[in-house]
Amino acid sequence: MTERDMQKAALRGEPSYVWREGQKRRLEIIVRAAGERIRGLVLENGCGVGMYVEHLAPYGGCIIGLEYDFERAAEAGTRSPDILNAAGEALPLPSDAFDLILSHEVLEHVRDDALAVREMLRALKPGGRMVLFAPNRGYPVETHGIFWNGKYYFGNKPFINYLPRKWRDRLAPHVKVYSRRDLEKLFTGLPVEFIEQSIIFGAYDNIIARFGVFGKVLRGILQFLEKTPLKGLGLSHFWVVEKG
6 MTERDMQKAA
16 LRGEPSYVWR
26 EGQKRRLEII
36 VRAAGERIRG
46 LVLENGCGVG
56 MYVEHLAPYG
66 GCIIGLEYDF
76 ERAAEAGTRS
86 PDILNAAGEA
96 LPLPSDAFDL
106 ILSHEVLEHV
116 RDDALAVREM
126 LRALKPGGRM
136 VLFAPNRGYP
146 VETHGIFWNG
156 KYYFGNKPFI
166 NYLPRKWRDR
176 LAPHVKVYSR
186 RDLEKLFTGL
196 PVEFIEQSII
206 FGAYDNIIAR
216 FGVFGKVLRG
226 ILQFLEKTPL
236 KGLGLSHFWV
246 VEKG
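So for the sequence shown, the numbering used here puts the first residue at 6; every next one is plus one.
Treat the hints as calculated values from the structure; they're not laboratory data.
Watch out, some of these pointers could steer you wrong.
[What the hints assert, rightly or not] Here are the computed distance ranges between Cβ atoms for each label pair:
{"no.": "1", "residue 1": "Ile226", "residue 2": "Glu94", "range": "37 to 43 Å"}
{"no.": "2", "residue 1": "Pro145", "residue 2": "Glu189", "range": "21 to 27 Å"}
{"no.": "3", "residue 1": "Glu231", "residue 2": "Glu94", "range": "27 to 33 Å"}
{"no.": "4", "residue 1": "Lys130", "residue 2": "Lys221", "range": "37 to 43 Å"}
{"no.": "5", "residue 1": "Glu94", "residue 2": "Arg25", "range": "27 to 33 Å"}
{"no.": "6", "residue 1": "Pro234", "residue 2": "Arg170", "range": "21 to 27 Å"}
{"no.": "7", "residue 1": "Glu189", "residue 2": "Leu235", "range": "17 to 23 Å"}
{"no.": "8", "residue 1": "Phe152", "residue 2": "Glu94", "range": "40 to 46 Å"}
Using N, Cα and C, we set each Cβ at its ideal position, and we do this for glycine too.
Go ahead and model the full structure; you've got the sequences and the hints to work with.
As C-alpha cells, then:
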C-alpha cells in the first residue's frame, strides 16, 4: 500500500473490493430489513467502488450510489451508471424521495455524523427505512488503524476502543466509534421509529482463507453469540430506522 493509499484508508476507510461470504451475509441482512422497499428507489450513501450497488440491482429497484471520493466514485461508475460524487452531509437529492437508504460502515468517516443522519432522513419518504451499519465501541479491536507520533499505522489494533474516550480519540482521530447511546443521540428529536437495534459480528473471511476449518469454527461461534448478551462484543451496530 502506497503512502497515498494509506492516507486515503485513514481518512475514508477501505470499501469492499471483493465479494465474499461477509458481503453476501450483509446483503441478505439488508434485503430482509428492507422488505418491499428494496424494489423502490434506493440510495447507498457512501458506496465505495460500487459493490453493493451492483449486487442490490437484481432485486428490481432503482439503485443510486453516492460516494465522496472521486476516484472511488469513478470506479463505481463502471458498475452502475447511477453514481453521484458528493458528500453525505449535503445530499444533492430531493426530500421525501427514497424508499430505502443504506449507510454501510460510512457514518464513522464523515465530518458531521449528526448532519449526515439528518440528510438521510430528509431524503427518505415517510415510511422509508434507513439501514445502518456502524462500528461498535464494544468490539475489542479497532479495525481502522491508529496514529502514533504523527504516523499512521494501518490494520487491526486491539483494545484501543476500550480506552477512555479522550485517549481513544487521540490515537484514532480519523474515525468515530459508537456505543448504543452515541448512535441514539444522533436521532434525538427526529421523527423515527427504531425497527431493529442490534449488533453483529463479522464473517472473518481473511481468517478462514488463512486457517481454513479453524476460521469457519470461529465464525460460527462468534455469529452464534449474536443471539446472546455477548453480542455487545460484536463488530458493528446494525440498525433499521423508519421515518415517521
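Evaluation of the provided hints:
1. Ile226 with Glu94: 37 to 43 Å: The hinted range 37 to 43 Å holds for Ile226 and Glu94, with Cβ atoms some 39 Å apart.
2. Pro145 with Glu189: 21 to 27 Å: Between Pro145 and Glu189, where Cβ atoms are some 22 Å apart, the hint holds.
3. Glu231 with Glu94: 27 to 33 Å: holds (31 Å)
4. Lys130 with Lys221: 37 to 43 Å: Because 41 Å falls inside the window, the suggested range holds.
5. Glu94 with Arg25: 27 to 33 Å: 31 Å Cβ-Cβ, so the 27 to 33 Å window holds.
6. Pro234 with Arg170: 21 to 27 Å: holds (23 Å)
7. Glu189 with Leu235: 17 to 23 Å: Holds, since Glu189 and Leu235 (Cβ atoms, about 21 Å apart) stay within the stated range.
8. Phe152 with Glu94: 40 to 46 Å: Check failed, 23 Å falls outside 40 to 46 Å.
In terms of the numbered hints stated before, the structure departs from hint 8 and from no other.
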